[in-house]
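For the record, the sequence lines run as chains A and B. Convert by adding 321 to the 1-based position in the first sequence; the result is the number in our numbering. Convert by adding 39 to the 1-based position in the second sequence; the result is the number in our numbering.
Treat the hints with care, as some may be off.
[Said to hold, decoys possible] Only pairs whose alpha carbons sit at most 30 Å apart, straight line, appear in this in silico DSS-like list of lysine-lysine:
1. A:Lys554 to B:Lys85
2. A:Lys549 to B:Lys66
3. A:Lys406 to B:Lys51
4. B:Lys167 to A:Lys661
[Claimed, not checked] From the structure, some residues in chain A lie toward chain B, with a derived Cβ separation under 10 Å:
5. Arg521
6. Ile536
7. Trp550
Don't read these hints as lab results, they were simulated from the structure. Positions of the beta carbon are idealized from the N, C-alpha and C atoms, including for glycine.
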Amino acid sequence: MALQTEPFILNVGPQHPSTHGVFRMKVTLDGEVVVDVEPVIGYLHRGIEKMGENRTYTQIIPLTDRLDYLASLTNNLAYVLAVEKLAGIKIPERAEYLRIIMAESMRISSHLMAVGFFLNDLGAMMTPVLYMWREREKLLDLFEMVCGQRLTYNYMRIGGVSHDIPEEFLPAMKKFVTEMPGFLDEYDQLIASNEIVLVRTKGVGVLPKETAIDIGASGPVLRASGVKWDTRKADPYSIYDRFDFDIPIGAAGDNYDRYWVRMQEMRQSLRILEQAMAQLPKGEVIADVPQLLRPPVGEAYGHIEAPKGELGFYLVSDNSIAPYRFHIHPPTLINLTALKDMVVGWKIADLIVTFGSIDVVLGEIDR
Amino acid sequence: MTTALAGEQVAKKINEAYPSAVAVADKTAVIVNSDSLFQVAEFLKKAPEFDFNYLGDLTAVDYTDYFEVVYRLVSLEHNYSLVLKTRCYDRENPAVPSVTKLWRAADFMEREAYDLMGIIFMGHPNLKRLLLWEGFEGYPLRRDYL
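Here chain B stands alone, though its shape is the one from the complex (with noise of 0.2 Å):
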């Protein structure tokens, strides 16, 4: 059976290594600030107590005052999983680092939140429309796209 680590539980240990990184934390999923996504991403795979080496699911939702990016991580080692979600309020420009240097997994999955909720993705290598076309105008999973 696939342990879902405790979001506080592993909250603590990302703060003994990147203080102020979490934003909350709570049973079910870990909520990072988008600047240190990256790095709290980068240490949860490396750590050899977490080896979240499989990156399960990436998608965002719209909830109209923010964004949240939820990443689905899982450790094949140790059969572990853990939700890792971070928020962007900016609704005009809502931008996250890419995690596709980690999980090469990201990729088609940092495309299709781009394309469908207008994420963007920094550091991606070819962040373009996946599904819909060059040229469609809007982002058609948001809200307010109707």
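Isolated chain A (complex conformation) (with noise of 0.2 Å):
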């Protein structure tokens, strides 16, 4: 007699310590195979461009952090480089440094935490992800130091930053950039050389170059594919033109690519800071700008290389105190479209550690 068999339909989440947040995947499985996969989103979703249209320009910084809230400096950065470009305003020499420092900084943070949780979702449970955190509570105190936060920052403002770092500041960053390298060969050795993650990684939940592109990927998932695009240098905002640094990029798009660029775009980062401090001019950090600011009818549109991908504010204004539309373009909303694609025919286990490869953030996913 034949047996009788039927896809089996899993839910994986919206709780669930796999999903880096409130995130569902209806899952359709034969046996321990993935067949299809739907991801469900909106469970954290709080309406943040509804609620921008009713605030001041300056108070929606605040809600741009909480988009990706491992990397809110970076979103504040795209925001105010959004209103700048809209009202046309310069910002001091010094603030543009201060503000390139944070950046890379919050790309190495994000970063090691996407490891950290990459590593966990492998089955490495935890421990990676203290090795990551050692490093990163360093920056977190670095953060701390300049802001008094240490998860949203709400640090740059329209037309600078908001405080001057002090004086402790530079010599602690110092430290960290020349001890950060040794803590980078150390990981490499750990993980790239154990053959259970390459076994797991290598091969696994490949994204092909040419549907990277198609489906509009960015960032470090768009680069291991082979890509070799990075607003920082294609686009070049704020002063990234002055700095001399690499795009990694991966050659086979598959779970260890993307894991590996995300190791050498940190090593990168740390040169452009490295950099940033050497040439850091003193002077003022804040231009003066109005307190209610009203840019000129018109629209803009800010994109920065965020550590997850391309994130864009596209602003309308129309001369009043308030955006009249206030729109985010989410880099890691848009590199799930390809989620289906990578994991189709692999194991469910495979499932979880590809999507953890993508390293999503529900905060910037549901907004």
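Bring the two chains, given one by one in their own frames, into a single complex with the hints.
Pasting the structure below:
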């Protein structure tokens, strides 16, 4: 007698440690093999775009902290760049450098979380995460030193930054930049020479180059698939054209490449930090900008290379104190478009790893 | 540096291929009629001189008289960008053709614009609410939603 089988539908999440927040996947399984996956989102939707229409331009900055809350400073940066573009505001030189220092430290901090939790998803429960947190903690202390916050920094302002750095900051940051390559070498040795990690990640969750472009992927996900596209180089904003750094790209677009690209990007960020600290000029940190800013009628799109991909803000002004339309282009939501392509045919354990390798934060996906 | 192509220049090329497709064109954007949006988008993607292979952003704005759907096209090859827009004046039933066949990136972005602004993207394979739940009434990002 033939064995009767039927596909099994499994709900992963919304409350599940591997979903990195409140994310649900409706997974259709044939035994242990994934046949279909449908992402279900919106559990953390707060209507930030609508809230923005009722707040002044400055009041929106704290809202942006709550998008990708593991990289609040880069969210701040993308937003204030869009407003400055809309209103045509020039910012002081020192503020530009402080922004770069903060944004690149944030990238390291965000990538440390990404790599740590990626290994967590691989089954290396909490130990790698705690190693990563050891370094991230130093950065959080530095951020706290500058703006008093450890998660939602609210540091960037329209026209500059809220505080100048204290005198203890630069020595501590220099110490971090000197020590960090050693720690990265240590991690590389522990992770990239581990056979279990290699077997579970190499060739798994492949995202081909053409698909990556087609789905509009960005950030490490796009670059791991071999596309040399980084907004910092392709469309330099702020003062990124003054620094010397490389764009690491992967070849296969598998889980390992996404991990590898993040590790290399941290090294490049350290290079930028070194140069930015060496060139840091003295002077003001914020331009003279009215509290109730009324940008001229028009629209502007500001975008940056956030740690997770291209983060954009689209603002439409009707010359009032609040934006007429406030739209956020979230990189991780778009990167999720290809999740199904990457996991169909693989086991459910690989689904968890592949999802972890995209590095999502639900605050940004749901907004 | 990404070169933002001037709308007027691109509009000339579009007019050669599809006369009467362009409604308005200025320095910053090209606004096309919604019924020829798909053809124009396809032309911009496939013409080698533009090669807009990457959809950078897609969103909708409610100007109360009409809805404007904004497409930000990027060419990774030439490092060009272009803002393409279309307008729909029907408030009850605003519909524009879906571009998911050209760029899969539009999948979630169109669903989001449908969910929050109520734009109907004709030809989208799975047009249902993205962030809000099924059965939610109204479209919160419209200006008359309070």
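Right, here's what the structure says about each hint:
The hinted pair formed by Lys554 of chain A and Lys85 of chain B meets the criterion: a straight-line CA distance of about 25 Å does not exceed 30 Å. A distance of roughly 29 Å separates the Cα atoms of Lys549 of chain A and Lys66 of chain B; the hinted pair therefore holds under the 30 Å criterion. Distance check on the hinted pair: Lys406 of chain A and Lys51 of chain B sit about 28 Å apart at the alpha-carbon level, within 30 Å; holds. Straight-line distance between C-alpha atoms of Lys167 of chain B and Lys661 of chain A comes to about 18 Å, which keeps the hinted pair within the 30 Å bound.
For the restraint placing Arg521 of chain A at the interface with chain B, the shortest Cβ-Cβ distance is roughly 27 Å, beyond the 10 Å limit, so the hint is violated. The criterion of a C-beta within 10 Å of any C-beta in chain B is met by Ile536 of chain A, whose closest approach is roughly 5 Å, and the hint holds. With a cut of 10 Å, the hint placing Trp550 of chain A at the interface with chain B holds, because the nearest CB-to-CB distance is about 6 Å.
Hint 5 alone, counting from the list given before, is not met by this structure.
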